[in-house]
Amino acid sequence: MTREELIAIGSHKVRRDETLMAFYLKEFEKLFGRKPNCAACTFVSDWRRFEQVKESASSKNILKMEKTFQLNNNAKNIIHTYRVDKRPIRTYGYKMTEEFAKAYLEHGTPEQIEARKQWFRKLPKEAVEVAEVDETIITVNGEEVFLSDATGKQMTAYAKENGIDFGEAKKVDDKREVIRKTL
Amino acid sequence: MAVIPLCARLLVGQESACVPLKRKYFQQAVVINKADIETMTVTRTDFDNPTPTCNYKVNFTLKDGKTGFRFTGPENGNSYFGRFNKTTSDLGFASYTHEVQMLIVGADEASKCILESFDKGSYIVALQFSDGTVEIYGQENGLSTGDYTYSVAENGGGSLVILNSNEQTPESYLPLIYESAVPGSETEDFDALFANTGS
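Chains as they are written, first to last, in the working numbering: chain A, 718 to 900; chain B, 43 to 241.
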């Protein structure tokens, strides 16, 4: 099994399967040089780090391969510069990356940014908005759990531990909302 | 036997038996007033590291609004180049005097101002070798002119001028390799004269 296949299985199933957990811990150690001190206690945050290592590598590749902008021909052989904290960041037009193009049109005075837009035949697209992921974590019986992944049983236990009354909420999603409002 | 402190050791060899050699600098220099340097970071090999890797780099940023100045010569010539001399001080320390040769032309007011600036100022000079490497000369103590004869008539309109380290204050390092704040953008920084202007 590969790391990608493990991630595709999902944290929920991995957490509940001894064999998958053992593989996960081995891969975790390969990535970060150590196993978690208490795998169950920090599984949620560790799993997120474990996934993010994969996400950032693939997103970098995507940035490299896909350019959503086009420069005018007269912009390709000149040096484009923007400054961050008074430190110049430069590139030749023909080497401009998507990342640079977006930063180029973000850092500067409004007048500078408007002037820079003249170099573009097609402006870079705004970064695709990633659907907001609910990363709220609750602790149930000493174990960290994403609220969005918590089972009904886990939420009931959490509510009991924290004195939360679900009231008329019977469905799992409704209970989830009740807990979220208390956080 | 006494323990001898070693300041450096060899990490890797060099195979040049069958390699075509590059031997020329681009015929231009970017001269920077040493006083215009805002920040400078030198990165050298960490020999205390159990697995050291070669590092001999410098990164710098000019003060806000400052720029270097480009001097150019005919690309077919060889007026522009850099070199250094290694000596051992009386105290036993290795030291290096850097030299950059450049072409200055003319007898007008502008060329006089340039020559006087070189004579009385202190400069860091960037040269780019034909393989793309950008070298920085005079990073530590700056360069200025030594004794020279400027004879426009005898030398066909200009003279070769050498900016070099002061013999009393040589450099501690060989000419360092410039590394941009954005790795891979060394040529851009060189072509843009390392300017830190407000655009």
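Where hints are given, some of them may not hold.
30 Å max Cα-Cα, derived DSSO-like pairs, lysine-lysine [what the hints assert, rightly or not]: (1) Lys793(A) to Lys108(B); (2) Lys108(B) to Lys76(B); (3) Lys812(A) to Lys66(B); (4) Lys793(A) to Lys105(B); (5) Lys154(B) to Lys812(A); (6) Lys842(A) to Lys870(A); (7) Lys803(A) to Lys66(B); (8) Lys834(A) to Lys105(B); (9) Lys108(B) to Lys154(B); (10) Lys834(A) to Lys108(B); (11) Lys99(B) to Lys743(A); (12) Lys76(B) to Lys819(A); (13) Lys105(B) to Lys812(A); (14) Lys812(A) to Lys64(B); (15) Lys64(B) to Lys803(A); (16) Lys793(A) to Lys64(B); (17) Lys99(B) to Lys803(A); (18) Lys752(A) to Lys784(A); (19) Lys793(A) to Lys99(B); (20) Lys803(A) to Lys128(B); (21) Lys819(A) to Lys105(B); (22) Lys154(B) to Lys793(A).
Just the calculated beta-carbon pair ranges, DEER-fashion [what the hints assert, rightly or not]: (23) Arg766(A) to Ser164(B): 46 to 54 Å; (24) Ile881(A) to Asp88(B): 35 to 43 Å; (25) Gly859(A) to Glu57(B): 25 to 33 Å; (26) Glu843(A) to Asp161(B): 53 to 61 Å; (27) Phe749(A) to Thr93(B): 48 to 56 Å; (28) Gly859(A) to Val54(B): 30 to 38 Å; (29) Glu746(A) to Ser58(B): 40 to 48 Å; (30) Arg766(A) to Ala77(B): 41 to 49 Å; (31) Gly226(B) to Glu783(A): 14 to 22 Å; (32) Arg838(A) to Leu63(B): 50 to 58 Å; (33) Arg766(A) to Gly188(B): 52 to 60 Å.
Pulled from the structure, derived: some chain A residues nowhere near chain B, Cβ distances all over 12 Å [as the list claims (entries may be wrong)]: (34) Val731; (35) Asp734; (36) Asp802; (37) Glu815; (38) Asn858.
It should be emphasised that the hints constitute simulated quantities derived from the structure, not laboratory data. A virtual CB, placed ideally from N, CA and C, is assigned to each residue, including glycine.
Cross-check of the supplied hints:
1. With a C-alpha separation of about 25 Å, the suggested pair lysine 793(A) and lysine 108(B) falls inside the 30 Å cut-off, and the hint holds.
2. A threshold of 30 Å between alpha carbons decides the hint, and for lysine 108(B) with lysine 76(B) the separation of about 11 Å falls inside it, so the pair holds.
3. Taking the CA atoms of lysine 812(A) and lysine 66(B), the gap is near 26 Å; set against the 30 Å cutoff, the hint holds.
4. Among the hinted pairs, lysine 793(A) with lysine 105(B) is consistent with the structure: their alpha-carbon atoms are about 28 Å apart, no more than 30 Å.
5. Annotation: proposed proximity of lysine 154(B) to lysine 812(A) is violated, straight-line Cα distance about 40 Å (limit 30 Å).
6. As the CA atoms of lysine 842(A) and lysine 870(A) are separated by approximately 44 Å, the hinted pair breaks the 30 Å bound.
7. With a C-alpha separation of about 34 Å, the suggested pair lysine 803(A) and lysine 66(B) falls outside the 30 Å cut-off, and the hint is violated.
8. For the hint pairing lysine 834(A) with lysine 105(B), the CA-to-CA distance comes to about 27 Å; that is within 30 Å, so the pair holds.
9. In summary, the hint linking lysine 108(B) to lysine 154(B) is supported, as the alpha carbons are separated by about 22 Å, within the 30 Å threshold.
10. Distance hint between lysine 834(A) and lysine 108(B) is fulfilled; the C-alpha atoms sit about 25 Å from each other, no more than 30 Å.
11. Restraint check for lysine 99(B) and lysine 743(A): the C-alpha separation of about 38 Å exceeds 30 Å, so the hint is violated.
12. Distance hint between lysine 76(B) and lysine 819(A) is unfulfilled; the C-alpha atoms sit about 34 Å from each other, more than 30 Å.
13. The straight-line distance between the Cα atoms of lysine 105(B) and lysine 812(A) is roughly 26 Å, inside the 30 Å bound, and the hint therefore holds.
14. Pair hint lysine 812(A) plus lysine 64(B) holds up; C-alpha atoms about 25 Å apart against a cutoff of 30 Å.
15. For the given pair, lysine 64(B) sits about 36 Å from lysine 803(A) by alpha-carbon distance, which is inconsistent with the 30 Å threshold.
16. Proposed proximity of lysine 793(A) and lysine 64(B) is supported: the alpha carbons are some 28 Å apart, at most 30 Å.
17. With a CA separation close to 22 Å, the supplied pair lysine 99(B) and lysine 803(A) stays within the 30 Å bound.
18. Distance check on the hinted pair: lysine 752(A) and lysine 784(A) sit about 39 Å apart at the alpha-carbon level, beyond 30 Å; violated.
19. Between lysine 793(A) and lysine 99(B), the direct Cα distance comes to roughly 29 Å. Compliance with the 30 Å bound is thereby established for this hinted pair.
20. Distance check on the hinted pair: lysine 803(A) and lysine 128(B) sit about 37 Å apart at the alpha-carbon level, beyond 30 Å; violated.
21. A threshold of 30 Å between alpha carbons decides the hint, and for lysine 819(A) with lysine 105(B) the separation of about 26 Å falls inside it, so the pair holds.
22. Proposed proximity of lysine 154(B) and lysine 793(A) is contradicted: the alpha carbons are some 37 Å apart, above 30 Å.
23. A beta carbon spacing of about 50 Å between arginine 766(A) and serine 164(B) agrees with the range 46 to 54 Å that was offered as a hint.
24. The given range of 35 to 43 Å is broken by isoleucine 881(A) and aspartate 88(B), whose C-beta atoms sit roughly 54 Å from each other.
25. Checked against the hint of 25 to 33 Å, the C-beta distance between glycine 859(A) and glutamate 57(B) comes to roughly 60 Å, which is inconsistent with it.
26. At about 55 Å, the beta-carbon gap between glutamate 843(A) and aspartate 161(B) stays in the expected band of 53 to 61 Å.
27. A hinted range of 48 to 56 Å is violated for the C-beta pair phenylalanine 749(A) and threonine 93(B), which are about 20 Å apart.
28. Judged by the Cβ atoms, the range 30 to 38 Å given for glycine 859(A) and valine 54(B) is violated: they are separated by roughly 52 Å.
29. The hinted range of 40 to 48 Å is satisfied by glutamate 746(A) and serine 58(B), whose Cβ atoms lie roughly 42 Å apart.
30. Distance hint check: the CB atoms of arginine 766(A) and alanine 77(B) are about 46 Å apart, consistent with the given range 41 to 49 Å.
31. Against the hinted window of 14 to 22 Å, the Cβ-Cβ separation of glycine 226(B) and glutamate 783(A) comes to about 20 Å, which satisfies the hint.
32. One distance hint, 50 to 58 Å for the beta-carbon pair arginine 838(A) and leucine 63(B), is violated here, with the actual separation near 43 Å.
33. For the hinted restraint 52 to 60 Å between arginine 766(A) and glycine 188(B), the CB-CB distance of approximately 58 Å keeps it satisfied.
34. For valine 731(A), the requirement that its beta carbon stay farther than 12 Å from each beta carbon of chain B is met, with the minimum near 34 Å.
35. Separation of aspartate 734(A) from chain B is adequate, the least Cβ-Cβ distance of about 38 Å exceeding the 12 Å criterion.
36. At the 12 Å boundary, the C-beta of aspartate 802(A) falls inside the reach of chain B, the nearest C-beta of that chain being 10 Å off.
37. The non-interface label for glutamate 815(A) is consistent with chain B: the shortest C-beta to C-beta separation is roughly 15 Å, beyond 12 Å.
38. Asparagine 858(A), annotated as away from the interface, keeps every beta carbon of chain B farther than 12 Å; the closest lies near 43 Å.
Hint compliance for this structure: hints 5, 6, 7, 11, 12, 15, 18, 20, 22, 24, 25, 27, 28, 32, 36 are broken, all remaining hints hold.
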